[in-house]
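Novice: Let the hints inform the model, and build the full structure from the sequences given.
Quick note, the sequences are listed as chains R and F, same order.
Take the working numbering: the last position of the first sequence gets the number 1029, and nothing is skipped along the way.
Take the working numbering: the last position of the second sequence gets the number 268, and nothing is skipped along the way.
Treat each hint with caution, since some may be false.
27 angstroms max Cα-Cα, derived DSS-like pairs, lysine-lysine [claimed, not checked]:
#, chain 1, residue 1, chain 2, residue 2
1, R, LYS996, F, LYS199
2, F, LYS199, R, LYS984
3, F, LYS267, F, LYS225
4, R, LYS996, R, LYS970
5, R, LYS927, R, LYS984
6, F, LYS172, F, LYS199
7, F, LYS225, F, LYS215
8, F, LYS267, F, LYS172
9, F, LYS162, F, LYS199
10, F, LYS267, F, LYS162
11, R, LYS970, F, LYS162
12, F, LYS214, F, LYS228
13, F, LYS225, F, LYS162
14, R, LYS970, F, LYS199
15, F, LYS199, R, LYS927
16, F, LYS199, F, LYS225
17, F, LYS214, R, LYS922
18, F, LYS215, F, LYS228
19, F, LYS199, R, LYS983
20, F, LYS214, F, LYS162
21, F, LYS214, F, LYS225
No lab work stands behind these hints: they were computed from the structure.
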Amino acid sequence: DGGITQSPKYLFRKEGQNVTLSCEQNLNHDAMYWYRQDPGQGLRLIYYSQIVNDFQKGDIAEGYSVSREKKESFPLTVTSAQKNPTAFYLCASSIGGADLSNQPQHFGDGTRLSIL
Amino acid sequence: QQQVKQSPQSLIVQKGGISIINCAYENTAFDYFPWYQQFPGKGPALLIAIRPDVSEKKEGRFTISFNKSAKQFSLHIMDSQPGDSATYFCAASNAGNMLTFGGGTRLMVKP
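Specialist: Next up, the structure:
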C-alpha cells in the first residue's frame, strides 16, 4: 500500500531540546509538506519541498528546520527556538512540478508533540 | 487577503439530515477550492474539489456550491450519517500560492 508514514505518533520534549519528526512516503511524489495543526486554526504550512535538496519556508517556519536528502524522506526538526511547540504535526505529499497550488495532497496520520 | 474563513466551528446534525459548512475568502485570484475530511487521530483526506468555472459539483452525497460574486463556497452533505462525523476543512489556492486552510468544522451526526 502506498502512503505516508509519520513517526512517532506521540512525542514528548523537554524544554530546550530539539526533536526530529520523521516523514516517509512511498508514493513516488516529488513534493512534500509539513503542517502544524492547532485547535480552531486549521492547518498552517511550516515548510515545503518541491524536489530533493530544495525546500522553502511556509507561513510559520520560525523555530523549525527541515532537510530533503532523499525523495522519500522529509524530516522536520522542532528546535528550542520554537516557543510554543505543542501541536499536532502533519506531513503531506503531492505529485510535484512547477505549480503545486492545485494538487491533491496526501497526508500522514500525524505526530502529536507535547512539552514536558 | 490570504485568509479563508470557515463556519460554523461545530455542527450537530441528526442522521438523515443535511449538513452545511460555509467558507468565505477575500483573494479573488484563488482558483482551486478543495474540501478535506479528517477523522480523529488521522490526517486529512481530500473529499471533493471545485474550480470557479462551475457553480456546483456533486460526488455522491457530497456537493460543493460555489458563488464567485459573493466569494463564498459551501459543502453540503446530504442524508448525513454517523460515519460522516469528522472535522471538515475548506481550503483555497491559486497558481504560485500554497493552500490556505479554513479553521475547520467539527461535525457530529447523531444516530
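Novice: Could you run down the list of hints and mark each one as holding or not?
Specialist: Here's how the hints hold up against the structure:
1. A distance of roughly 25 angstroms separates the Cα atoms of LYS996(R) and LYS199(F); the hinted pair therefore holds under the 27 angstroms criterion.
2. For the suggested pair LYS199(F) and LYS984(R), the alpha carbons sit about 23 angstroms apart, so the restraint of at most 27 angstroms is met.
3. For the proposed pair LYS267(F) and LYS225(F), the alpha carbon gap of about 33 angstroms is over 27 angstroms, so the pair is violated.
4. A distance of roughly 18 angstroms separates the Cα atoms of LYS996(R) and LYS970(R); the hinted pair therefore holds under the 27 angstroms criterion.
5. With a C-alpha separation of about 31 angstroms, the suggested pairing of LYS927(R) with LYS984(R) is violated against the 27 angstroms cut-off.
6. Distance hint between LYS172(F) and LYS199(F) is fulfilled; the C-alpha atoms sit about 23 angstroms from each other, no more than 27 angstroms.
7. Between LYS225(F) and LYS215(F) the CA atoms are separated by roughly 17 angstroms; this keeps the pair inside 27 angstroms, and the hint holds.
8. For a cut-off of 27 angstroms, the pair hint linking LYS267(F) to LYS172(F) stands: about 6 angstroms separates their Cα positions.
9. For the given pair, LYS162(F) sits about 23 angstroms from LYS199(F) by alpha-carbon distance, which is consistent with the 27 angstroms threshold.
10. For the hint pairing LYS267(F) with LYS162(F), the CA-to-CA distance comes to about 26 angstroms; that is within 27 angstroms, so the pair holds.
11. For the hint linking LYS970(R) to LYS162(F), the alpha-carbon distance of about 23 angstroms falls within 27 angstroms, and the restraint holds.
12. A threshold of 27 angstroms between alpha carbons decides the hint, and for LYS214(F) with LYS228(F) the separation of about 16 angstroms falls inside it, so the pair holds.
13. Proximity of LYS225(F) to LYS162(F) is assessed by CA-CA distance (about 15 angstroms); at most 27 angstroms being required, the pair is judged to hold.
14. A threshold of 27 angstroms between alpha carbons decides the hint, and for LYS970(R) with LYS199(F) the separation of about 25 angstroms falls inside it, so the pair holds.
15. Restraint check for LYS199(F) and LYS927(R): the C-alpha separation of about 25 angstroms stays at or below 27 angstroms, so the hint holds.
16. This hinted pair does not check out: LYS199(F) and LYS225(F) have alpha carbons roughly 32 angstroms apart, beyond 27 angstroms.
17. The straight-line distance between the Cα atoms of LYS214(F) and LYS922(R) is roughly 35 angstroms, outside the 27 angstroms bound, and the hint therefore fails.
18. For the hint pairing LYS215(F) with LYS228(F), the CA-to-CA distance comes to about 19 angstroms; that is within 27 angstroms, so the pair holds.
19. A C-alpha spacing of about 25 angstroms is found between LYS199(F) and LYS983(R), which places the hinted pair at or below 27 angstroms, so the restraint holds.
20. Between LYS214(F) and LYS162(F) the CA atoms are separated by roughly 21 angstroms; this keeps the pair inside 27 angstroms, and the hint holds.
21. For the hint linking LYS214(F) to LYS225(F), the alpha-carbon distance of about 14 angstroms falls within 27 angstroms, and the restraint holds.
Hint violations for this structure: numbers 3, 5, 16, 17, all remaining hints satisfied.
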